[in-house]
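Participant: Sequence:
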Amino acid sequence: MSKWLLRGLVFAAVVVVLRLIQGVLVDTFPTQAGWISPTLGLFLAIPAILWAYFDGRADANAQSDPDRRQDLAMVWLIAGLIAGLLGDLVCWFIGLFYPVLYTGGLISELTSFAAFTALLIFLAGVIAVTIGRWSVDRKAPPYVRRREGDEERADTDVFAAVQPGAEEEAKRS
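Everything in the sequence shown is counted per this note's numbering, starting at 3 for the first residue and increasing by one.
Hints are computed from structural coordinates only; laboratory data are not their basis. Take the hints with a grain of salt, since some may be wrong.
Stated by the list, open to error - Ranges between beta-carbon positions, derived for each pair:
id, residue 1, residue 2, range
1, TRP37, LEU11, 27 to 33 Å
2, SER110, PRO40, 16 to 22 Å
3, ALA60, ILE109, 22 to 28 Å
Using N, Cα and C, we set each Cβ at its ideal position, and we do this for glycine too.
Working from the sequences, and respecting the hints, build out all of it.
Facilitator: This is the structure in structure tokens:
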């Protein structure tokens, strides 16, 4: 199972559970809906932050060269899209039979609600991956890039042809 699929399915399940809890709490305490929804949004963002932080640390430990690390931004973007689309589709389906769960129409669930879920997971994931990598990189020795073969292949220098006196130097060697 790929990384993005696992994360997407886990967070889709979290979305469904949190939306069910939100429906019950807002139905029970309608005057408190203003703080219930943002609080439950944090309960979605916190697991994404923790998981992505450890992803970033593991990736930085596995590869010291920053240019050769995995593209975890795409992993978290696709995971957020899967969680948003699948989680909100399941919530819409549950809302057909369980009226306490607030759901809009299918189109709004698969566009507005799914986009918000994807954005929340993606932003939390990317920020946490960055912090996780930074926490490893700040303690690691600086990565030194090797420049093997620069002296051997001086004849392929593209700027040597336009430098003044390049022909005379080429004749001498």
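Participant: So, for every hint listed, does it hold in this structure?
Facilitator: Consistency of the hints with the structure:
Our hint of 27 to 33 Å for TRP37 and LEU11 holds, since their Cβ atoms are close to 29 Å apart. At about 20 Å, the CB distance of SER110 to PRO40 agrees with the hint of 16 to 22 Å. Hint check: ALA60 to ILE109, Cβ distance near 39 Å, so the stated range 22 to 28 Å is violated.
The structure does not agree with numbered hint 3 stated previously, though it agrees with all others.
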